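Trainee: Here is how the chains run, residue by residue.
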Amino acid sequence: MNMEEMINKYFRPGRLPHIWCPGCGNGVVTGCVVKAIAKLDLPKDDVAVISGIGCSSRASGYLDFNTVHSAHGRAIPFATGVKLADPKLNVIVLTGDGDATAIGGNHFIHACRRNIDLTVVVYNNSIYGMTGGQYSPMTPTGSKATTAPYGMIEPDFNLTELARAAGATFVARATTFHAQMLSDLIVKGIQHKGFSLIEAVSACPISFGRQNKMGGPAEMMMWQRDHAVPIAAWDKLPEEKKEGKFPIGVLYEVEGRKEYTEAYDELIAMAQGGK
Amino acid sequence: MSRVLLLQGNQAVVEGAIAAGVKFFAGYPITPSTEVAESLAEKLPQVGGKFIQMEDEIASMGAVIGASLTGKKVMTATSGPGFSLKQELIGYACAAEIPLVIVNVQRVGPSTGQPTSPSQGDLMQARWGTHGDHWLIALTPASVPECFELTLRAYALSEKYRVPVILLMDEVIGHMREKIELPDDYSEFPQAERKQPDCKPEDFKAYATDESLVPAMPAFGSGYRWHVTGLVHDETGFPKGTPAATLAAANRQRAKIENNLDDIVQVENYRMEDAEFAVVAFGGGARTAYETVDMARKEGLKVGLVRPVTIWPFAEAQMKELAGKVKGILVHELNCGQYVHEVERAVNGKVPVSLYAKYDNEPATPAQLLEEVKKAMAAL
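Top to bottom, those sequences are chains A and B. Per my numbering: the first sequence ends with 275, consecutive numbering throughout. Per my numbering: the second sequence ends with 1380, consecutive numbering throughout.
No lab work stands behind these hints: they were computed from the structure. Values in this document were obtained by computation on a predicted structure and should not be read as measured data. Glycine included, C-beta positions come from ideal geometry on N, C-alpha and C. Incorrect hints may appear among the rest.
Pairs of lysine to any residue residues, derived as SDA-like cross-links and limited to a Cα-Cα distance of at most 25 Å, are as follows [what the hints assert, rightly or not]:
{"no.": "1", "chain 1": "A", "residue 1": "K88", "chain 2": "B", "residue 2": "G1071"}
{"no.": "2", "chain 1": "B", "residue 1": "K1302", "chain 2": "B", "residue 2": "E1268"}
{"no.": "3", "chain 1": "A", "residue 1": "K9", "chain 2": "B", "residue 2": "T1236"}
{"no.": "4", "chain 1": "A", "residue 1": "K44", "chain 2": "B", "residue 2": "K1200"}
{"no.": "5", "chain 1": "A", "residue 1": "K241", "chain 2": "A", "residue 2": "N158"}
{"no.": "6", "chain 1": "B", "residue 1": "K1205", "chain 2": "B", "residue 2": "G1091"}
{"no.": "7", "chain 1": "B", "residue 1": "K1205", "chain 2": "A", "residue 2": "H18"}
{"no.": "8", "chain 1": "B", "residue 1": "K1240", "chain 2": "A", "residue 2": "G132"}
{"no.": "9", "chain 1": "A", "residue 1": "K44", "chain 2": "A", "residue 2": "M1"}
If we take Cβ atoms under 7 Å as the criterion, some of the chain B residues that face chain A in the derived model are [unchecked claim]:
{"no.": "10", "residue": "A1059"}
{"no.": "11", "residue": "A1063"}
{"no.": "12", "residue": "A1067"}
{"no.": "13", "residue": "Y1092"}
{"no.": "14", "residue": "V1228"}
{"no.": "15", "residue": "T1229"}
{"no.": "16", "residue": "T1242"}
Please take these sequences and the hints and turn them into a complete structure.
Mentor: Laid out in structure tokens, this is it:
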């Protein structure tokens, strides 16, 4: 399927152009989500896309599925309700770093813990873009933000490690530079039965790049190329060479741990058998 | 066949939920509503439904909205602090017109207040708790059997008007045990149905309406793909921020409720036929008032009770009519005075309106209320 066919099939007519700034990585990530759905040939009626609030969360409105643009930080609770009430739906959450890890952080860890079959794509652009460049829990320490004019003094989350510790059973990361890998990881995340996190490292040239003198969109993608290390190589890197870099690929995957909605179906059988 | 049971109000709500066809509950433990969650955790799986204890009250609201989108009848239950936490998403449910029922068993507030003591302090919060103009329905039961009946009615209204319905209880009613007779088989109860589109999926506009002003709501997965958002949207369901779209959305959401007050607003009159003086009370406060009215009648005082069963929308027409029938009105509520302002506004000086506010964490005794009635009548 070429790009035009994909747009015609999976994007809603009349909803484009999107609201994102020139050079924003959100379009790349959203394109990777759509390519993954196309690759799996999921019927559009069987897919629910739930987003929160923020730049990346506007993606749900452009896509021709059962879509929810929920409230700030609450995409995962909405998605939990959809998935538990109708487990046959493929439920994909599109959320940003602020949405998922600050205001929605509690929901995120508990969805990991339940191992409910959601595919959560976190568009990580290291900043609150829609409100104009405030720091998020994933803004790297030392970076400038409009609310960190002297530089960010807080440590940032390592989201993939957080997800793993909280009980997620598929954890991956890629960047918008590594778009093919990103799309392949989303395919795996959707196929995985259980909670899947795909962190998509993305660029916000306007609200993050400019404040941090990172150059334009192309330079920010080259930054991704130069700082992301495929997991096989990462594992062989000595600790001192890991400084400032991050691994990409499937970082953690475990099969066989009970998925939440399946566990609930067993509970129903038990409750009804016990009558 | 039927059963005669001794249930508390919270348990009667659960029976009402099962009878109404509820298949999804998300909640968080909080006194004095927890029995609703505990009982549904046991009963929902028995009828093929789902129960989930979420990580907080906000998540519970989000989960019930999500589940409602799949076509299920859904419930959450809470009290004071939890009701405050739910407010943002109550607004979302108003804006996106999501049917759901929120049980709020009121306790003394603000803040942690007194978790096990009765209050009716959330009256105004139930109406205006979320930000922005919005319209919703709140019902207040005054007995255990009525907890059951109003839970059924909450679903009938919520599904019909695509609006959140708050079952605004208080600790008196939630924890009081009374006799209730229930059928063994709940299938006799009518199941509220959500309006479905009659057009082809490709022609479907998510918020287009007929003269009812209530849009059809197909379930996720049904083949009708639509977009749900808390942004102001037009009839397509997609965000639209023009003054005309903003006005149209607000006016329709208002009119779908306000055009149907005859259907929505219920008020019970007790010994009002020849009453010269009316007590207005509801929920736990009404239980005191029934007895007070009987005591007053024994003393030859022509006192009756007007009990709003529907708290919101306000019983405007009924209160205006009441002002033309009696010489005075005493509003009794378990707070510092909230509903009384609405009554005063409707009565508009036609007859004196006084207040017996009880906010010391105990319900009034009938004798205490009778004394207040006598004082108010003497001042006429």
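Trainee: Each hint should be assessed against the structure and marked as holding or not.
Mentor: Each hint, compared with the structure:
no., hint, result
1, K88/A / G1071/B, "holds (14 Å)"
2, K1302/B / E1268/B, "holds (17 Å)"
3, K9/A / T1236/B, "holds (19 Å)"
4, K44/A / K1200/B, "holds (16 Å)"
5, K241/A / N158/A, "holds (18 Å)"
6, K1205/B / G1091/B, "holds (22 Å)"
7, K1205/B / H18/A, "holds (21 Å)"
8, K1240/B / G132/A, "holds (22 Å)"
9, K44/A / M1/A, "holds (16 Å)"
10, A1059, "holds (4 Å)"
11, A1063, "holds (4 Å)"
12, A1067, "holds (4 Å)"
13, Y1092, "holds (5 Å)"
14, V1228, "holds (4 Å)"
15, T1229, "holds (4 Å)"
16, T1242, "violated (16 Å)"
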